[in-house]
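**Student:** This is what each chain is made of:
Protein chains: 2
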Amino acid sequence: MDKLKILMIICDGIGDRPTAELKNRTPLQYAKRDNLDRFAREGICGIMDPIGVGIRPGSDTAHLSLLGYDPNEVYTGRGPFEAAGLNVDVRPGDVAFRCNFITVDEKLKVVDRRAGRIKSGTHELAKSIDGMEIDGVKILFKEGVEHRGVLVFRGKALSPYVTDTDPHAEGVMIKKAKALAEAANITASVLNEFIARSYKILNDHEVNIKRMKVGKKPANMIVTRGAGIVPHTKNIKERYGLRGTCVTGIPLIKGICRTVGMDAVEVDGATGGVDTDMTAKVKAAVRALKTYDFVLLNIKAPDIYGHDGDAFGKVKCIEKIDKALGILKDECKETIIALTADHSTPVIVGDHSGDPVPIAIIGKGVRIDDVKNFDEISVAKGGLGRIKGLDLMPLLLDLANRSKKFGA
Amino acid sequence: MDKLKILMIICDGIGDRPTAELKNRTPLQYAKRDNLDRFAREGICGIMDPIGVGIRPGSDTAHLSLLGYDPNEVYTGRGPFEAAGLNVDVRPGDVAFRCNFITVDEKLKVVDRRAGRIKSGTHELAKSIDGMEIDGVKILFKEGVEHRGVLVFRGKALSPYVTDTDPHAEGVMIKKAKALAEAANITASVLNEFIARSYKILNDHEVNIKRMKVGKKPANMIVTRGAGIVPHTKNIKERYGLRGTCVTGIPLIKGICRTVGMDAVEVDGATGGVDTDMTAKVKAAVRALKTYDFVLLNIKAPDIYGHDGDAFGKVKCIEKIDKALGILKDECKETIIALTADHSTPVIVGDHSGDPVPIAIIGKGVRIDDVKNFDEISVAKGGLGRIKGLDLMPLLLDLANRSKKFGA
Numbered sequence: 049m050d051k052l053k054i055l056m057i058i059c060d061g062i063g064d065r066p067t068a069e070l071k072n073r074t075p076l077q078y079a080k081r082d083n084l085d086r087f088a089r090e091g092i093c094g095i096m097d098p099i100g101v102g103i104r105p106g107s108d109t110a111h112l113s114l115l116g117y118d119p120n121e122v123y124t125g126r127g128p129f130e131a132a133g134l135n136v137d138v139r140p141g142d143v144a145f146r147c148n149f150i151t152v153d154e155k156l157k158v159v160d161r162r163a164g165r166i167k168s169g170t171h172e173l174a175k176s177i178d179g180m181e182i183d184g185v186k187i188l189f190k191e192g193v194e195h196r197g198v199l200v201f202r203g204k205a206l207s208p209y210v211t212d213t214d215p216h217a218e219g220v221m222i223k224k225a226k227a228l229a230e231a232a233n234i235t236a237s238v239l240n241e242f243i244a245r246s247y248k249i250l251n252d253h254e255v256n257i258k259r260m261k262v263g264k265k266p267a268n269m270i271v272t273r274g275a276g277i278v279p280h281t282k283n284i285k286e287r288y289g290l291r292g293t294c295v296t297g298i299p300l301i302k303g304i305c306r307t308v309g310m311d312a313v314e315v316d317g318a319t320g321g322v323d324t325d326m327t328a329k330v331k332a333a334v335r336a337l338k339t340y341d342f343v344l345l346n347i348k349a350p351d352i353y354g355h356d357g358d359a360f361g362k363v364k365c366i367e368k369i370d371k372a373l374g375i376l377k378d379e380c381k382e383t384i385i386a387l388t389a390d391h392s393t394p395v396i397v398g399d400h401s402g403d404p405v406p407i408a409i410i411g412k413g414v415r416i417d418d419v420k421n422f423d424e425i426s427v428a429k430g431g432l433g434r435i436k437g438l439d440l441m442p443l444l445l446d447l448a449n450r451s452k453k454f455g456a
Numbered sequence: 049m050d051k052l053k054i055l056m057i058i059c060d061g062i063g064d065r066p067t068a069e070l071k072n073r074t075p076l077q078y079a080k081r082d083n084l085d086r087f088a089r090e091g092i093c094g095i096m097d098p099i100g101v102g103i104r105p106g107s108d109t110a111h112l113s114l115l116g117y118d119p120n121e122v123y124t125g126r127g128p129f130e131a132a133g134l135n136v137d138v139r140p141g142d143v144a145f146r147c148n149f150i151t152v153d154e155k156l157k158v159v160d161r162r163a164g165r166i167k168s169g170t171h172e173l174a175k176s177i178d179g180m181e182i183d184g185v186k187i188l189f190k191e192g193v194e195h196r197g198v199l200v201f202r203g204k205a206l207s208p209y210v211t212d213t214d215p216h217a218e219g220v221m222i223k224k225a226k227a228l229a230e231a232a233n234i235t236a237s238v239l240n241e242f243i244a245r246s247y248k249i250l251n252d253h254e255v256n257i258k259r260m261k262v263g264k265k266p267a268n269m270i271v272t273r274g275a276g277i278v279p280h281t282k283n284i285k286e287r288y289g290l291r292g293t294c295v296t297g298i299p300l301i302k303g304i305c306r307t308v309g310m311d312a313v314e315v316d317g318a319t320g321g322v323d324t325d326m327t328a329k330v331k332a333a334v335r336a337l338k339t340y341d342f343v344l345l346n347i348k349a350p351d352i353y354g355h356d357g358d359a360f361g362k363v364k365c366i367e368k369i370d371k372a373l374g375i376l377k378d379e380c381k382e383t384i385i386a387l388t389a390d391h392s393t394p395v396i397v398g399d400h401s402g403d404p405v406p407i408a409i410i411g412k413g414v415r416i417d418d419v420k421n422f423d424e425i426s427v428a429k430g431g432l433g434r435i436k437g438l439d440l441m442p443l444l445l446d447l448a449n450r451s452k453k454f455g456a
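One line per chain: the protein sequences are X and G, in this order. The first sequence begins at 49 in the numbering used here and counts up by one. The second sequence begins at 49 in the numbering used here and counts up by one.
Same shape as in the complex, but just chain X (with noise of 0.2 Å):
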């Protein structure tokens, strides 16, 4: 039997709940669906606890569970996978934060969370800052999407296990960083003395005083949350024999990809929001398909509708992703497909929550069941039942004919 690939379709956040606006629908049963509809009529159907019954995922902690690492094994925070995301060769052992620009007054109480927004000139902040070495632990910083950047702690004996010095709030100090364990000491004492260092630094940098000259407010400190350590684990090419990539417009998601070995695929107009093109972004993994072995495909804007509640707007966005998947039915016939979610994002909660998520999988030699609608409800009387999000990985090996055999 010939090896397939393997293509997985995450449509962040499609599972939803009734909805009054919708007529006690779920956007995706009110939706207009062919080619959603199509994998389900064509495949097999099942719903799927992303983490576990009544977990309600991060989208970080899910991907890694679709991908086979279990989050309560690897994630101990969001910090690696941003650094990832940001192309920062993050390695195993490697404690990693994300950051905030901030401005402070000459006392150290916060004045502005964003620092004025800043949009220009992180780049040199971050260089001025970067490259350090503190009691033995090298310090890399990178700047991200406006005010925003990460941290990367290097070195022996490191521990993710230290309090946010940011105090996520303003006219309040900046906090210090407290060891949450005795391990964690170590971290703790040289992200203090990173923070104090690098506020004389940018306090006084050019790129700052110009700020300030024109009424702008400096970006002089920098404050962390999220601290996480990157998990020794073997890649995905030493654990399934994959070559891997991702297709998607959020910085989070390659970092996760990254972290687990993948490539990423840059995609114009993949913006990772509503107004991401997603016939280029389908095309995108279609193209990929033909030099790696696995494609992971993340469609943010359900998520996105979910989060501002918008039910009308969510089948919107639900219909163009039906639309965009049309191409796939030709172009992917050596190819096991599932479409899923990394977790349901409910139009009435406004966030995650931890109902299961629809899956429909196609592909050569896949079982069909009799399922016809790709919904929440319908779904789950498919003939895969109820799966949990650490099964993916092994189910779609073994029906790319890429699993090993356990036994004799």
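Since no wrong hints were added, every one of them can be taken at face value.
Derived, one-sided and incomplete: chain G residues facing chain X with beta-carbon distance under 10 Å:
{"#": "1", "residue": "49"}
{"#": "2", "residue": "412"}
{"#": "3", "residue": "441"}
{"#": "4", "residue": "451"}
Restricting the straight-line Cα-Cα distance to at most 25 Å, the calculated cross-link-like pairs of lysine to any residue (SDA-like) are:
{"#": "5", "chain 1": "X", "residue 1": "429", "chain 2": "G", "residue 2": "414"}
{"#": "6", "chain 1": "G", "residue 1": "453", "chain 2": "X", "residue 2": "196"}
{"#": "7", "chain 1": "X", "residue 1": "429", "chain 2": "G", "residue 2": "86"}
{"#": "8", "chain 1": "X", "residue 1": "436", "chain 2": "G", "residue 2": "287"}
{"#": "9", "chain 1": "X", "residue 1": "429", "chain 2": "G", "residue 2": "101"}
{"#": "10", "chain 1": "X", "residue 1": "80", "chain 2": "G", "residue 2": "414"}
{"#": "11", "chain 1": "G", "residue 1": "412", "chain 2": "X", "residue 2": "360"}
{"#": "12", "chain 1": "X", "residue 1": "80", "chain 2": "X", "residue 2": "397"}
{"#": "13", "chain 1": "X", "residue 1": "429", "chain 2": "G", "residue 2": "420"}
{"#": "14", "chain 1": "X", "residue 1": "436", "chain 2": "G", "residue 2": "429"}
{"#": "15", "chain 1": "G", "residue 1": "282", "chain 2": "X", "residue 2": "100"}
{"#": "16", "chain 1": "G", "residue 1": "420", "chain 2": "X", "residue 2": "417"}
{"#": "17", "chain 1": "X", "residue 1": "436", "chain 2": "G", "residue 2": "116"}
{"#": "18", "chain 1": "G", "residue 1": "436", "chain 2": "X", "residue 2": "118"}
{"#": "19", "chain 1": "G", "residue 1": "436", "chain 2": "X", "residue 2": "116"}
{"#": "20", "chain 1": "X", "residue 1": "429", "chain 2": "G", "residue 2": "102"}
{"#": "21", "chain 1": "X", "residue 1": "436", "chain 2": "G", "residue 2": "449"}
{"#": "22", "chain 1": "X", "residue 1": "71", "chain 2": "G", "residue 2": "89"}
{"#": "23", "chain 1": "G", "residue 1": "453", "chain 2": "X", "residue 2": "356"}
{"#": "24", "chain 1": "G", "residue 1": "429", "chain 2": "X", "residue 2": "439"}
{"#": "25", "chain 1": "G", "residue 1": "436", "chain 2": "X", "residue 2": "120"}
{"#": "26", "chain 1": "X", "residue 1": "429", "chain 2": "G", "residue 2": "429"}
{"#": "27", "chain 1": "G", "residue 1": "436", "chain 2": "G", "residue 2": "121"}
{"#": "28", "chain 1": "G", "residue 1": "452", "chain 2": "X", "residue 2": "229"}
{"#": "29", "chain 1": "G", "residue 1": "452", "chain 2": "X", "residue 2": "273"}
{"#": "30", "chain 1": "X", "residue 1": "71", "chain 2": "G", "residue 2": "416"}
{"#": "31", "chain 1": "G", "residue 1": "436", "chain 2": "X", "residue 2": "439"}
{"#": "32", "chain 1": "G", "residue 1": "436", "chain 2": "X", "residue 2": "431"}
{"#": "33", "chain 1": "X", "residue 1": "420", "chain 2": "G", "residue 2": "89"}
By construction, these hints were calculated from the structure, which means they are not laboratory data. Since we're looking at a predicted model, the values are computed, not measured. The C-beta atom is built at its ideal place from N, Cα and C for all residues, glycine as well.
We have chain X already, so just place chain G on it with the hints.
**Tutor:** This is chain G only, laid out in the frame that chain X set:
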């Protein structure tokens, strides 16, 4: 999204197997079910293995599991839960035993395992052996119903791994407690010493002297069984942020709920028997929801008919439950309600079985599947699929918008 309250209705032992008497239907399939079917029609259904597939649960282990406490981790024996059910303030690390007052002759041979079915005087007898201290172990004793009681050891280095001193037979000697592990040596020796001392006290006790004068058997010995340790666990307030209570006529169930930090509502007419006032219990649960976030309502009667092998009795009992649940429709709009059982008690088995139990969940935002009937077979096609008892609390917390996000 507003937080909702949670009502868990446990129809004890309601699950069953097909019975020839009922034309090869289960009592649930056979019974007239207006309100039970409303749960199925207006909610999401499934089947649930209280502990695991094919695992035959006790009421105690099943309730622990449904409350989110893995009995494989927290349950070593029934003693602690019986003690808590009798309002003994058991604490983590305590070892507790179920006891009988029995009658022994001068050679310590068992004459009567129920001490002549003693009905009065046990309070005074219990008092006389309560409060000892042996080798640094504080000892509590409290009488239960009729010849029953509980014994609690409090101290360092206690272990539940000791053999029963109850020989579970008459005409034989009571047994010495033996340690089943080295760590239980102290517990076994303290237990043997307690039994020797209490025999001396009980044998000469005024209550027993009076009993003998009127030809009744003395309650002159204590035997023990069901040793268990009170687990070191977070209570439901710490774990789930819930203020909880239970409505049940069964001391053991009260004890389990208390052990995880819940209160117990007293209800006139809630006997825990087949004559219980079910409407009063349902009303008490509705009242409790005004001041508590979480209410567990246990209705014991179906289990009793199952143990008795009384198919038509179980059918009638189900119809009584069906009627009693009618008031919930209008009273619980801001509540997620789960209707389920702790285990099946098939009439053809006359005991608990490992068959999964039916479950239906209704409330704001719950996905509604197309199951119309609340019986063992119909619900298996529902939107929940097959879940485990340990999944229930996370699931209900999420539907009640009380779950915490894992990741970002």
